[in-house]
Amino acid sequence: MLVLYSYWQSSCSWRVRFALKLKGLIYEYKAVDLSKGEQFSPEFEELNPLHFVPVLVDGDVVVSDSYAILLYLEEKYPQRALLPAADPQQRALNLQAASIISSSMQPLHMLSLLKYIEDKFGPDERLLWVQTHIEKGFLALEKLLIDFAAKYATGEDVYMADVFLAPQIAVVTMRFNIDMSKFPTLLRIYESYKGLPEFLASSPERQPDAAR
Amino acid sequence: MLKLYSYWRSSCSHRVRIGLNLKGLEYEYKAVNLVKGEQFSPDFLKINPIGYVPALVDGDFVVSDSFAILMYLEEKYPQPPLLPSDLKRKAINYQAANIVSSSIQPLQNLAVVKYIEEKAGADERDIWAKTHIGKGFAALEKLLKDYAGKYATGDEVFLADLYLAPQLYAAVNRFNLDMTQFPLLLRLHEAYSKLPAFQNAAPEKQPDAPSS
Chain A
1 MLVLYSYWQS SCSWRVRFAL KLKGLIYEYK AVDLSKGEQF SPEFEELNPL HFVPVLVDGD
61 VVVSDSYAIL LYLEEKYPQR ALLPAADPQQ RALNLQAASI ISSSMQPLHM LSLLKYIEDK
121 FGPDERLLWV QTHIEKGFLA LEKLLIDFAA KYATGEDVYM ADVFLAPQIA VVTMRFNIDM
181 SKFPTLLRIY ESYKGLPEFL ASSPERQPDA AR
Chain B
213 MLKLYSYWRS SCSHRVRIGL NLKGLEYEYK AVNLVKGEQF SPDFLKINPI GYVPALVDGD
273 FVVSDSFAIL MYLEEKYPQP PLLPSDLKRK AINYQAANIV SSSIQPLQNL AVVKYIEEKA
333 GADERDIWAK THIGKGFAAL EKLLKDYAGK YATGDEVFLA DLYLAPQLYA AVNRFNLDMT
393 QFPLLLRLHE AYSKLPAFQN AAPEKQPDAP SS
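These protein sequence lines are chains A and B, in that order. The first sequence lines up with residues 1 to 212 when you count with our numbering. The second sequence lines up with residues 213 to 424 when you count with our numbering.
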């Protein structure tokens, strides 16, 4: 059985949980409590020396990093495809959107990084940093998707862009008070996600390690 | 002819230049000076509304983001392949690429190091860059240990090498990182320097590199 090392509040873990639900894949949930530093245990260090969740174990294959995990899942379990097969432009669009989130946004608002910014430069600077980088990323996504988005990010079906975008919007709006009204396309798509059973089932509050 | 919007020193552009060279693809080099803010010029934004570099133009199709570009090229021009056919080894390539593109590059790119330097000085900037690069490199040493051959994931050049080479270049040439703790990566850095596809993609060989 697939094993997923995850933390309930981690947006990167949410991406993979969302995709597993979409593909109808059963998995064993192994909680890694980031608030208690469990990512630094020797056992977890073996699985991912960067100490990040999520990590997927599939038999003798260990994959860390959500983007790598999702590409692995897409190839090994092609049902309910997350990348449109026949359309190179749409495929590129989905990969671009995923990269904007995984490279230009999330690494710059990781809590460990924000702590450094706050410790060194103060809470006002932390706030400014967070807002600047998140808004920059969302603005890029708004421009990227505006001509393609319909019910979901790149059309009428849920694809890789949505797997990244849905948890990203959910987590940053909750954590950082971002004004999404500046990004009407993204806001509209988000309404579609709110009605998606797989997104809801993969949400933090529904995970085994969610705080009561 | 393919057009590549690139900045000589951008490691993301560097990755794509290697990929184009490996696949024997000719392209028109269009320089975008990131230091001068040319990515915000109306001319560039007309071609690529999100203002990111690198961007590839293939006919009337524009794709930005180095990963999306490389996957587009991989599909349209499959030889030589940038990914091994073995899924386990393919996943190692995706992980290595993402360690670079999510955990290292975004934290030492131009905008971020400039910010740290402005706020806390050049010494702090260098400590910051070396810390994050070092963390990522330590993880890469562990990830690739059982897979590396002549190159990162075997005896042929694959995606991981396209991501490692520019990051190693930046670490060694820009940040003077002490590579003795990373023997595998140091060996790879030397191996890449012998390959024409990599040599010709190097920053100092680009049309927009400063002449002195």
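It is possible that part of the hints are untrue.
[As the list claims (entries may be wrong)] Facing chain A, a subset of chain B residues (Cβ under 8 Å, in silico): (1) Lys248; (2) Ser276; (3) Glu287.
For the record, the hints were derived by calculation from the structure and aren't laboratory data. Glycine residues also receive a C-beta, built at the ideal position from the N, C-alpha and C atoms.
These are the hints, each one checked on the structure:
Nearest Cβ of chain A to the Cβ of Lys248 (chain B): about 19 Å, over the 8 Å cut. The hint is violated. Contact between Ser276 (chain B) and chain A, as hinted, is supported at the beta carbon level, the nearest pair being about 6 Å apart and thus within 8 Å. Interface restraint check: Glu287 (chain B) against chain A, minimum CB-CB distance 6 Å, threshold 8 Å, status holds.
Violated hint: 1 only; the structure is consistent with all others.
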